[in-house]
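Protein chains: 2
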Amino acid sequence: MDLHKIALEIRRAFLSPDLQNLSLRNQALLAMAKNLQTAFPEIQKANEEDLLDARKSDLAAPLLKRLRFDEAKLHQVTQGLEDLARLPDPIGATTLARELSPGLKLYRVTCPIGVIGVIFESRPDALVQIASLCLKSGNTVLLKGGREAMRTNACLTKILQLSAEEVGLPGTFAQLLESREDVQAMLSEDTLIDLIIPRGSASFVQYIKDHSRIPVLGHADGICHVYLDRDADPDTALKVALDSKVQNVSVCNACETLLVHQDRAEELLPRLAEEYRKCGVTLRCTPDAARYIPDSTPATEDDWKTEYLDLILSVKVVSSLEEAIQHINTYGSHHTDCIVTENREAASIFLKQVDSAGVYVNVSTRFADGFVYGFGAEVGISTGKIHARGPMGLDGLTTYKYKLIGSGQTMQSVRDGEIQYTHRDLNEVCPL
Amino acid sequence: MDLHKIALEIRRAFLSPDLQNLSLRNQALLAMAKNLQTAFPEIQKANEEDLLDARKSDLAAPLLKRLRFDEAKLHQVTQGLEDLARLPDPIGATTLARELSPGLKLYRVTCPIGVIGVIFESRPDALVQIASLCLKSGNTVLLKGGREAMRTNACLTKILQLSAEEVGLPGTFAQLLESREDVQAMLSEDTLIDLIIPRGSASFVQYIKDHSRIPVLGHADGICHVYLDRDADPDTALKVALDSKVQNVSVCNACETLLVHQDRAEELLPRLAEEYRKCGVTLRCTPDAARYIPDSTPATEDDWKTEYLDLILSVKVVSSLEEAIQHINTYGSHHTDCIVTENREAASIFLKQVDSAGVYVNVSTRFADGFVYGFGAEVGISTGKIHARGPMGLDGLTTYKYKLIGSGQTMQSVRDGEIQYTHRDLNEVCPL
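Chains as they are written, first to last, in numbering that gives the first Met the number 0: chain F, 0 to 431; chain U, 0 to 431.
Same shape as in the complex, but just chain F:
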């Protein structure tokens, strides 16, 4: 596989004028939904072969489940494509219109980023989601999925490509990479590829960042906190603290550290510990907290920095809202953090001062998700602060350009005083 040739091809696909046509993009999404249904037996066959190999190599049960592309997944995926086709165009929107001087107008217009490389895990349905989000936003995409899903991914990619071609768009808008060497080669194509989105472990994301000049968006870790404030409603505290930890422990938006205000520890911790115990959660506590949770293990400094992704929770008693915020800003991963409180001012301070992509009041951290936010889906969750933060949907896949429309204005005539700036904001969309 000649990655450079593929990168050139996909860049050419990105520059194809047809890709700017919303109607063609939406038609392609609907064709994908139709063709995935028609070709389902073929997909199933490829998926069966992948599953067979995975079982042979003793893939863990949860991974096998993610690898499976069954009728339920097909339904979910085609539904997603149809929903996406109905969403408004994320590109071509005028976000600034300004008269610089009479007859000279500046417009800021949203546009696609270009060629995006996405590295994702074993779920083949993620491939369809990612590729379709990229297409809807006018981008082209290099896809690298899990090795164990190779046959399913190849089959899905072929169907997506043919669907694009069917409506007159370049089939090359999406290309599947096969090996780690391809990924390595992709990382060095910094003049042809505009953005890399790696999904996976924190160390993997860091590896990608360290080995490429291409901008990387991704999440490092999901160390999420729930803070039970002095003015927390006890029922809300229990519901939110429990759901954030146990509803699904293996995801990045699950809670890893519980902070409790000292005035509420005696009341809340024993009740919470009992609920956690029922769910099999091991608690790692500071001495303050352990007083109310007799059978807990002591927490160490390392616990505050650890994403367990497991039935483990670290627990700390704090003396104030400020201490809670400081703990989160020091040890958290800027993903999603929640305060449980009935106090409006405390909520406001927490939301303003916690330096995270998601800051929640009285709601489980598990809600940090592109589908939940109504973004259609997500290509990833960004814990960085540059470009996109939190769940990255269509908006995160766009950038903008400045269009300046004049009639022969020169900088010399500005210097000569013939042109004066008016800087008058206009209420209009870019006409070109």
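Hints may be right or wrong, so weigh each one.
[What the hints assert, rightly or not] To spell it out: a stretch of chain U is covered by chain F in this simulated footprint if at least three of its residues, at any positions, have a beta carbon under 8 Å from a beta carbon of chain F; those stretches are:
{"hint": "1", "region": "225 to 237"}
{"hint": "2", "region": "371 to 379"}
{"hint": "3", "region": "397 to 411"}
[Stated by the list, open to error] The following label-pair restraints were derived from C-beta to C-beta distances:
{"hint": "4", "chain 1": "U", "residue 1": "L23", "chain 2": "F", "residue 2": "P16", "range": "48 to 56 Å"}
{"hint": "5", "chain 1": "F", "residue 1": "T37", "chain 2": "U", "residue 2": "S319", "range": "37 to 45 Å"}
{"hint": "6", "chain 1": "U", "residue 1": "E81", "chain 2": "F", "residue 2": "R179", "range": "52 to 60 Å"}
Since the hints were derived computationally from the structure, they do not count as laboratory data. Just so it is clear, CB atoms sit at the ideal spot from N, CA and C, and this is done for glycine as well.
With chain F's structure known, arrange chain U on it following the hints.
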């Protein structure tokens, strides 16, 4: 200088709640304007010393001019601060408000990025501009200016710090780095610093990118094009092509390559060549173009990739609009490119398909500038596509966070069907 200690201090300054107070930030900007005026003799003295040393080491005349901080610069800088104080708050704006389900509301609210490191050239007035843009947007800033401006920069930084303290903001919001070693140390503080903005040569920016895990925004090169279309108005063509090249040759938004449609080469090139000759511009031409410009030098492949920053222009005849666009997308640096045409459709195609931060119709490329765009000023011009593109003013210095406000919602209750998503967009600002 202990850079790690400084980075910790400046991070603490960023997390100070007072920095979120717009009134305090504006008061600080006005205090800066006042104090710079009062302390002008002191600034002048420092600047004189810098100038003396610079003359001793035979600094080139244009650099000496940039280094000088005289009354005119003082006036410009204080005027800039007063203008900035009048601009609306770039942070705290609600850019999305959505009901996820009854009683559960999502808001996307703009906020500062955090700690920003800016490396800039010899102009001491740039220091005030950059620091004040960062403060207005709620950010804190590590500043590294040119070595030859060290005394002036130290004096200016002290005044800015004292002005912040005067109104009750942390003086540590801005800190001056002294040496290259400090810059090196800054690049490794990726948990404390959120963004690096290097200004300088393309190779310098690349060096910074290669040596840091911190996201970097900056411009690589300014290879700007003017394309004279088949339907160009001849006077506009002359004015725009000339101004883009000669009004100031040493800046990134000056034109380096002129593209001319073959049907207009015979008419336009001789007239243009005559004007360029008067201004002392050397023309490097393809054979097609050289036919109409007898005394030109031949252009090589390298010319299309070169930012001359000098009285040199490469000239190419193209057979179509498409060829012009392809040339720009292949050899350009995605900075600013202009079409001269009276044909609306040609203009529209050019604006849509040229993959640059600035795409212009009938106006000199020299207009690509934050002040010209009405952004107050700029911290730099981004030729990248991620986060900010083109002149980076206050908007480019902000990011956003998602605030989710609920009343005990759990993901389990969604799974149990007790909560259904409504995804209804709301017309309101975030109340917290």
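Consistency of the hints with the structure:
Closer than 8 Å: that is the beta-carbon criterion, and the region 225 to 237 of chain U has 3 residues meeting it against chain F, so the requirement of 3 holds. Counting residues of the region 371 to 379 of chain U whose beta carbon lies closer than 8 Å to any beta carbon of chain F gives 3, which meets the minimum of three for the stated coverage. With 14 residues bearing a CB less than 8 Å from a CB of chain F, the region 397 to 411 of chain U meets the requirement of three and the coverage assertion stands. Under the hint 48 to 56 Å, the C-beta atoms of L23 of chain U and P16 of chain F, about 50 Å apart, fit the expected range.
At roughly 40 Å, the beta carbons of T37 of chain F and S319 of chain U sit within the given window of 37 to 45 Å. In this structure the supplied range 52 to 60 Å holds for E81 of chain U paired with R179 of chain F, their Cβ-Cβ distance being about 56 Å.
In summary, this structure violates none of the numbered hints.
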